[in-house]
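Student: Single-letter residue listing:
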Amino acid sequence: MRGPEAAARARHAAAAIGRATFLAVVSGFFALPMLWLATAPFDAHPTITVSVPEFTLAGFRELLDNPYALRSLGNSVLQAAGSAVLVVVLAAMAAYALSRVRVPGWDVLLYLLLLLSSVVTGTAAMVPVFELATRLNLVDTHLGVVLTLSGGLLPAAIFILKDFMDGTPTSYEESARVFGASPSQILRHIVVPVIRPGLATIAVWTVASVWGSFLTPFILLRDPDKAPGAVILYTLYTEGGSPRLELISTFSLLYSLPVVLMYVFVSRRYGFRFHGGIKR
Amino acid sequence: MSTDAAGLGTRRAVGFVVPAVVLVGVFLVFPALWTIYLGVTDFALTGLSAADPRTVGVDNYAEALGDERFHASLWLTAQYVAGSAVIGQAGLGFAVAWVLRDRPGPVRRVVEGLILLAWILPSSVVAFLWIALLDRDAGTLNALLHTPGAAWLLDHPMASIIMFNVWRGTAFSMMLYGAALENVPPSHLETARLAGASAFQQIRDVVLPRIRGHVLTNLLLISLWTFNDFTSFQITAGGPEGRSEIVPVYIYDVALRGGRLGFGAAVSFLVLLVNLVAALLYLRAARSRGGVAA
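Top to bottom, those sequences are chains S and W.
Residue 228 in the UniProt record's numbering sits at position 228 of the first sequence, with consecutive numbering throughout.
Residue 213 in the UniProt record's numbering sits at position 213 of the second sequence, with consecutive numbering throughout.
Hints listed in this document are in silico derivations from the structure and should not be mistaken for laboratory results.
Think of the CB as a built atom: it goes at the ideal place given N, C-alpha and C, for glycine as much as any other residue.
Please note that the accuracy of each hint is not assured.
[To be verified] Anything over 12 Å on all C-beta distances counts as not near chain W; from chain S, calculated:
# : residue
1 : TYR68
2 : LEU70
3 : ARG71
4 : GLY74
5 : ARG100
6 : ARG196
7 : ALA200
8 : GLY229
[What the hints assert, rightly or not] Label-pair ranges, simulated between beta-carbon atoms:
#  : chain 1 : residue 1 : chain 2 : residue 2 : range
9  : S       : LEU257    : W       : ARG101    : 27 to 33 Å
10 : W       : ILE36     : S       : LEU114    : 18 to 24 Å
11 : W       : LEU208    : S       : ALA10     : 26 to 32 Å
12 : S       : PRO224    : W       : ASP59     : 33 to 39 Å
13 : W       : ARG204    : S       : ASN137    : 54 to 60 Å
14 : S       : VAL103    : W       : ARG243    : 24 to 30 Å
Put together the whole structure using the sequences plus the hints.
Tutor: Here you go:
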């Protein structure tokens, strides 16, 4: 009786050690690159190597003196906010109509758009998007970036929101209608408050996607004054020949902070986990 | 159930959908269709062909299919997708989800938090973190491994961008498999374990058949994303000597930097076809077993 039990205990211990080792290696792999981001911005003499910083905030002061870098953060805010407003408003209208009124063929249309939007991404549309923006005079404009990114994000946003609306009962809308509310009143005073968590999800998802996107602004914007953080960070490194590490590290941290804070806030507040393709 | 509770009416409902359809049509559908036309022209950024592009038929396609640089970039892309998406993100994501299943607590929060943070960080920042990690002279990895002067990025450009893509993209698969594993009844795993099944056998015989739809969805999405992703450009710019020039970087280089928009469009259309074939294969595989799970 003793033999098998001891063997089982040994197997158990071996499994536990294996698990712990695996988790330690994985944690190390994911933590290692982040150490630099956490230490270098505060280091008086940052190198590319992670080191215990000789604490200073000089990097931040230098960043404040660099309008080029700061302006790019403003550009990121502008492009992300513009896209979020556009995507949330258009997706909410479309999803509401699709969910509440049945028109033959719409489900198929939505499905095709969703398929297309995951097929026509990045490279596959690089040339015509550039050409389209040129013809519409949208090269070097925030509007061009916002419209292009929003067009790509909308199908999935509508899909997610429609799902959300299908799951909310129509009884409030019906009773409001009985009391004589107009469709636009119903939309503003009843539907929007009810689906607010869904709208927040879409907004956060859009902001995070636009905040991180590199290719679209990289090919559509020539003027560095309009470039968002993603593009400026890349040029900061390559153009100077020797990278100004105190600037890059500080900028990386400032540029990352908003999305990280937004993620922490949203996941605390709504407890949702991102299940969609947030990084597009 | 659609009840038109708000009294929207079909006409107004159509009006609600039109703005979104127009935007998607102009900035997504139209570019996709335009690729087909541009691909059969010699359209260029500068010169005569910029003002008045000629139709050249299938010349661009013939040239692309015969271009060794394109062949090389396809092969590198295949390695990139197989290594970083299929083995890396899906494999590691599943492994982490499996090990952490039913184990709430601080360890799980830390591991998941680190992986999620890597995903949340803007990809340009992630690209620079990897440059800092792999740098020739002062890179963190060289300091840790006591290998001063080892030029990881130059000597192993593909391995470098594969690791980078695994690092920033594993979170999606981990979350998807985490949710999928919640749908596998613990009693079935327990029965298999008592019958002496190893972890490998439990996964193969009990788990995988049940989460097949999730696996297919995940593999399709992350493969498409990886195939079309341009972020690695920020680390190696396709170099050195084109040794990490995956298809997106190749297209950028020939079309936008080299100015041959027509040729680039033809290659883009080939990419689009590959994407479409992948999506259709997935739909068929998913339908054959009746389970599309998103």
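Student: Evaluate the given range 54 to 60 Å for the C-beta pair formed by ARG204 of chain W and ASN137 of chain S.
Tutor: For ARG204 of chain W and ASN137 of chain S the Cβ distance comes to about 57 Å; the hint holds.
Student: Beyond 12 Å from every Cβ of chain W: is that where the Cβ of LEU70 of chain S lies?
Tutor: It holds; LEU70 of chain S is separated from chain W by about 16 Å at its closest Cβ, greater than 12 Å.
Student: Examine each Cβ of chain W, and state whether all of them lie more than 12 Å from the Cβ of GLY229 of chain S.
Tutor: 7 Å, violated
Student: How does the Cβ-Cβ distance of VAL103 of chain S and ARG243 of chain W compare with 24 to 30 Å: does it lie in that range?
Tutor: Cβ of VAL103 of chain S to Cβ of ARG243 of chain W: about 52 Å, so the range 24 to 30 Å is violated.
Student: Any Cβ of chain W at or closer than 12 Å to ARG100 of chain S, or is the non-interface label fine?
Tutor: 6 Å, violated
Student: With 27 to 33 Å as the target window, see if LEU257 of chain S and ARG101 of chain W comply at their CB atoms.
Tutor: At roughly 32 Å between Cβ atoms, ARG101 of chain W and LEU257 of chain S fall inside 27 to 33 Å, so the hint holds.
Student: Was GLY74 of chain S rightly flagged as not at the interface, with every chain W Cβ beyond 12 Å?
Tutor: 15 Å, holds
Student: Would the least Cβ to Cβ distance between ARG196 of chain S and chain W come out above 12 Å?
Tutor: 17 Å, holds
Student: Can you let me know if the beta-carbon spacing of PRO224 of chain S and ASP59 of chain W is within 33 to 39 Å?
Tutor: Check passed, 37 Å falls within 33 to 39 Å.
Student: CB of ILE36 of chain W to CB of LEU114 of chain S, is that within 18 to 24 Å?
Tutor: 21 Å, holds
Student: Measuring Cβ to Cβ, find out whether TYR68 of chain S lies farther than 12 Å from everything in chain W.
Tutor: 15 Å, holds
Student: Is 26 to 32 Å respected by the C-beta to C-beta distance linking LEU208 of chain W and ALA10 of chain S?
Tutor: Between LEU208 of chain W and ALA10 of chain S, where Cβ atoms are some 28 Å apart, the hint holds.
Hint violations for this structure: numbers 5, 8, 14, all remaining hints satisfied.
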